[in-house]
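Chemist: Here is how the chains run, residue by residue.
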Amino acid sequence: MKCYIGIDLGSTTTKAVLMDENYEVLGQGITNSRSNYDTAAAVAKQEARVGARLTLFGRGLGNAVTGDAMADLMEDLELSIRLEQFLEQLADLRETCKSHAEPKASGLREALDEVFGRIEAEAPGLFQRGAKRKSDFFRDIAGSRVMQIGEDVAKETGISFDTLLNTYDKSIIDVENRPPDGGLAEKFRRGLARVIERASALHLSEETVQAAMREALDVDLEEAYVVGTGYGRVTLPFPKEQIRSEILCHGLGAHVMYAKTRTVLDIGGQDTKAIQVDAEGIVENFQMNDRCAAGCGRYLGYIADEMNMGLHELGPMAMKATKSVRINSTCTVFAGAEFRDRLALGEKREDILAGLHRAIILRAMSIVSRSGGITDEFTFTGGVANNEAAVRELKKVVQENYGDMTINIDPASIYTGALGAATFARRALES
Amino acid sequence: MSAAKSPAEVVKEPSMLKQKAMIADNYDKLTRAKELGLKVSSTYVPGNLNELLMCFGILNNLPEINAIQNGMRKLSGKLIADAEKMGLSEDVCTYVKADLGHMAKGAIAPNGKPMPVPDLLLLSYTGCFTFMKWFELLRDQYGCRTVMLHVPYEGDGKATKNMRDYVVKQLKDEVIPALEEISGVKFDIDRLRENLRRSAAAEENFVWVLESAKNRPSPIDAYFGGVFYIGPIFTAFRGTDEAVEYYRLLRQEIEQRIAAGKGPVTPDGEMAAEKYRFVVEGPPNWTSFRDFWRMFYEEGAVVVASTYTKVGGVYDYDGFRHDPERPLESLADYCLGCYTNRNLPMRVDMIQHYMEAYQADGFLVNSIKSCNSFSAGQLMMMREIEKRTGKPAAFIETDLVDPRYFSPANVKNRLESYFQMIDQKRRGGAHRAA
Amino acid sequence: MAITAGIDVGTGAIKAVVFEVENGGRGEIKWLSKRTEKIRRRDQHKLAHDTFKDVVGEAGVTEGDIAYTATTGEAENLAFATGHFYSMTTHARGGVHLKPSSRAVLDIGALHGRAITVDGRGKVLGYRMTSQCASGSGQFLENIARYLGITQDEIGPLSLQADDPEKVSSICAVLAETDVINMVSRQISTSNILKGIHLSMATRLVKLLRVIKVTEGDLLLTGGLALDVGLLAALKETIADFKIDVNAFSHPDSIYAGAIGAAIWGAFRHEKLAQLGQLAKAS
Amino acid sequence: MQQVSEIIDYCQTLYEDLSFAAAREWKAAEQGRKVVGYMPVYVPRELIHAGGMLPLGILGGGEDLEVIHGDAYYQSYICRIPRSTVELAVSKRLDFVDGMLFPSICDVIRNLSGMWKLMYPELYVRYFDVPQNYKDEIGGNYYVHELQELRQGLEGICGRTISDDDIRRSIAVYNENRRLVNAVYDFRAREPWKAPSWHVYLLMRAGMILPVEAHSQLLQDYLAAAAADDQPMRDNCRVILQGMFCEQPPLNLIKSIEFAGCYIVDDDCMLVGRWLLRAVPAAGDPIANLARAFLKYSTETAAKYEPDGSRKGRYLIEAVRQRGAEGVIFAAPSFCDPALLDRPMLANALTRENIPHISFKYAENSGQMQPIREQAGTFADSIKLWSEA
Ligand SMILES: Nc1ncnc2c1ncn2[C@@H]1O[C@H](COP(=O)(O)OP(=O)(O)O)[C@@H](O)[C@H]1O
Ligand SMILES: Nc1ncnc2c1ncn2[C@@H]1O[C@H](COP(=O)(O)OP(=O)(O)O)[C@@H](O)[C@H]1O
Ligand code: SF4
Ligand code: SF4
Ligand code: SF4
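Keeping their order, the protein sequence lines are chains Y, A, C and R.
The first sequence begins at 1 in my numbering and counts up one residue at a time.
The second sequence begins at 432 in my numbering and counts up one residue at a time.
The third sequence begins at 866 in my numbering and counts up one residue at a time.
The fourth sequence begins at 1149 in my numbering and counts up one residue at a time.
With the rest of the complex left out, here is chain Y:
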């Protein structure tokens, strides 16, 4: 079947959306952006293909069954496949680390084996339904586990922790930048094998399930057209006519999600954009911030680092605030300093955090206002839309300044740009 792919090469994450001829999204994929754009794009695309196969598989079964049990099976299957991918990359990392291990450092290879052995052993637990992972990216999961387990192993074996980490630091970049291995079918089959007995809950025979899987894997996902966009778009591995500006893609993507949207705000890792679109999703106006971390996702990331907190913990903590402490510094670094000042003055963490969230939203709102303000409906996209405290502040500020507005936030909003790009790809072959 003909597929249309949109790739959004962001500063922080790379996203891919795979679409069929009927403008239906089959799969979405995301990975952390890295120095090698080709690889980032290839990984995201591969992830989107995984999603697409799962969708096809679900469709194959879908005629027969629906409901919670079905959803559970799909989730289990997906996790199982992720586990497969994880184990494969982990093995690669282990080998790479060992090859980088200084021969002089005796015992280092053994220690590495020990570390990776333990991670491998706990891996299935990480990919359980409801399990907490630091993030879904290999780099983050592996990194945090190596840190923790490495510390224990270092103590036990007397190998220096620094040496261990240095070896890891050197290797992760290599591993990350290796293009993904194509053998998807094999991973699907192995993945399915692990969860197949659960199919019984659906009163389906193993045979039906296996057949559906075979069918899903057999479909030829032909890449009819690819459109690339995003921060890295100048370096995208595509010819010029296959590249669209991220502004147009975000505008169109938001329009595809919410046909009535007129104003789009995207807060990504390193830039913030405000876009006005017309009833057809055509961009009428836009504004972007310059290369300053104030007012984009990295601002929160930096503050999280400063506080030794995880990014995903910021929002929930700020939600506990009873008031919001005003943060005056524009510069992210000085805001960090101000944060510590305020703490020293006895302000509560959550209240200051609320202030920081307000600060980032205010800065974004000034970009919105430069692009022409907010016209109903308003759509909020980008990574920061995942942060509940940021969303709360946004809603407040919008209410205070523009009155009642419909505010759309899609759980998949991070894919907005890629969705727009995929739509462009589909359209390119329409006329």
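By construction, these hints were calculated from the structure, which means they are not laboratory data.
All C-beta atoms in this analysis are idealised placements derived from N, C-alpha and C, irrespective of residue type, glycine included.
Errors might be hidden in some of the hints.
Computed footprint of chain Y on chain C, listed as stretches where at least three residues anywhere in the stretch have a Cβ under 8 angstroms from a Cβ of chain Y [stated by the list, open to error]:
1) 908-922
2) 1001-1014
3) 1025-1031
Chains A, C and R with the ligands: place on chain Y using the hints.
Modeler: Frame of chain Y; chains A, C and R with the ligands shown alone:
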């Protein structure tokens, strides 16, 4: 046909050669003023009184033009740094800093010789407060005589009798006596009339040139090319025979281009087929002038009208001409009517008119960090134009002569997105129509 | 003769010294003890007090023996202080004490850079601080080091080994992470990255010097980053590039310059107040 | 007698009130009352007052206003006051204002007048130009005409003629206010420890909102209360603050400078109250008197042309002498062309007289005071440590 020629192959048209010679000759005279026994006055482009200065045989030196020259020759970055070392803030107009830096470095003209110390600072200040501070700063350095002509702002969008009387009174009681004293020449109003007559003749053809952009394809680029076309009329040549001749030549050339159905000449030869027509507000960037222009002509974007070509006098919009019958009054009206001396609603009306009369596809603001006179309020102007014309607008930010504020990647990103947006709109429009 | 203490409360660290000063700083100045304490997200004020106690103890005197306790840096109103002097006042004096021939002092701390011109007696003649943007500050370098996985002490020596420094335009201290990851992936060596950053910082700092018209003579680096030999080397190169006749130095005790200056000015002020009979009032 | 703290608290409430409740109340108290807003520096408030209207000084949004819409109107490299002023308007905080005057101060304010015209086509909006030529028969004539035009415009707002007698009376009222304003400044210069600068600032700021009569009363009360207030004198140096004639500094900036060891003995905030240096003659042709006062004895500032090059900066040197200041702090709003272009000339003039000076920039919402304290503190240190040496 659209293949760009290498610059070496590009034919210089006679008008270009003529202008080059005029400029070179003027710098030659300026740098030899002392030996020729000529007096020199520094003054500004907007509201300059060239015809009046000519009556006294005083040479006209324009610090803005020197700043532009240094900008285009990529010298300004250094000069600005020098001026900042002298205590000027990084926030202020870079023309001022390029000029003061230039002065500190011996004020070397493009011909390699030092510019003379002016005998007079003629502060005819219209459309911008910074001019006033600028000459105060120069006066502080040169310690030379300064005479001010205060031109009131058209706050309500029109010149009142009170304003005109005030300017004329200053011309009579302040400016002319000072010029007489400096030059030792008695003022002769008939001489002024003669000069004004020549101005008006050149202005007639100049307006014709600007309006030629109404053709499709436009034979000129009224912004990037326009800055060359305004040269003689805005600077030390208005009122001279040379200027009259220049505009006659230019008009001939453009008539030929129209007949041949050709687009504008660019530094790389003929431009790509006309794809977009724009009206541009704001001065250009000088330090990356060529690169900036290239971003347009490579995409087939041509500017059909610009407000920058009105800073040194608005001749097309309401038909102003220097008038030998009312010599001092018409000088006053000229000063009062310069583009940035008109209030914002008036500027918006003008742009709207250009958008419509020149059938533009869009409106582009090149907002200049240096220049509050132009820039403060441009965002609102932009939205007002969008509202009135329904055409999309875009906003880019650069600077005049400070290379630090021209970010090619940024500007290109913006322009590309903008061009794509117009394309998408066109296609969308077709989509809807179908 | 008076025993005085100087405490420099910074964003990154607390620095404290105890001195025995003769004649308000015009005579002999004897160093009794010194101490640095990294703040590491602890309470600045409490830490300052503890450090003060420790450094006094190490000097072999008691708090009662201290004639004047002067603070500098970010703590204008610490309860145990006699008086406060502002950073540029103290770094200037401290700089001249450490290297008497200095006529300019460049203090590079965690968040700000400060360029100061000074006369032979440590009097501040002119100064300028960096702006509201933290690109090119100590914090910036600290972040980079974190991304590169190296310690602060390693930065300088590594930078010295650079053979082909990477060109780094002024980049945001926060977004630098991506740029650095980019460079790493382009196989640029850590040394060349660090040197590139050092050169970019040096350019900003030399511009600061230029603004306050430092064109010749000896320049002492103070503050935490003075210990960074890579930055010092980069500064020297940049100074040469800018064709100004300035000799840049560092001193092993450069990080104490603020505290030293505070202690000496404290002695000066003590003497003056004694003359004016206002001692009781000031303490 | 009122306490200093009561007076200052009252002023502070006025200062913090971003919706101008006091002016709204004044307007609502009587049918037909009108309010005319004006931007900083100088407008002849006497004419507004003569029409029975309230002149309302609009000095931006200060540090507490969250600017959401204002950035849609201004690029990042334009100072802050116009954007926060637009914010005040867009958020309907100025909806009770019946007319707006934009004085001739710089291109930004000038263009703001046009923006106002575009936004509120029905409102009386005037760019109020003043002559930069100070000869009676040239600039004077022109200015008399401008004043007449303004008078007519104002008559249109208040719906009645503004007679010469009305203006004469108003001139007298403002003469009294000027006297008291100057008295407060003199008092602070004499005993700065009794009149902290932020008190004086808030007092003057109140004069932008209150009816002039009420403000005069307030000043009188303050003078009495402050004189009686026994405050210890601190070991501070004495400085003049220069450059704050338009966009206002955050209150914390003024506090920080004092905290860092500087008594502020003069400044150029809210010049409108001290623009005319002497009492305007109440007898005779009032318009001609106002015009003459402007030409012959108005204060100097960056927005005005100095025809005599040798006198550039003289006024500042004289102020230093008169106020017994030990140095000058140039504090200019970021991106403020007039202040920043004037500064090098003034600084050179001070240097020639061996008067120490420093400079920094601020914005009305600057939050980081530490660098300001450090710079002002170092300045104070160097004066303290070395002045007698
Ligand atoms: N769960 C979350 N909570 C808070 N912030 C998040 C979360 N997930 C992502 N982000 C923010 O989103 C940013 C990445 O957004 P993204 O749209 O992927 O950026 P880009 O398109 O520039 O790569 C990160 O910098 C981070 O701050
Ligand atoms: N040995 C070292 N090499 C390089 N940088 C150092 C070293 N020691 C401290 N620093 C840096 O110096 C900075 C602190 O300097 P300091 O002058 O104490 O600043 P502050 O006074 O602002 O706290 C920190 O950013 C730290 O990274
Ligand atoms: S102001 Fe701060 S956040 Fe912005 S570029 Fe500078 S260092 Fe980065
Ligand atoms: S501010 Fe603008 S108009 Fe004024 S001198 Fe500068 S560039 Fe020219
Ligand atoms: S602060 Fe300065 S630039 Fe801004 S409006 Fe006021 S005078 Fe003009």
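Chemist: Using a Cβ cutoff of 8 angstroms, are there at least 3 residues of the stretch 1001-1014 of chain C near chain Y, or does the coverage claim fail?
Modeler: Satisfied; 4 residues make the cut.
Chemist: Apply the coverage criterion to the stretch 908-922 of chain C and chain Y: a residue qualifies when its Cβ sits closer than 8 angstroms to a Cβ of the chain, and three qualifying residues are needed.
Modeler: holds (count 3)
Chemist: If you count the residues of the stretch 1025-1031 of chain C with a beta-carbon closer than 8 angstroms to a beta-carbon of chain Y, do you get 3 or more?
Modeler: violated (count 0)
Hint 3 alone, counting from the list given before, is not met by this structure.
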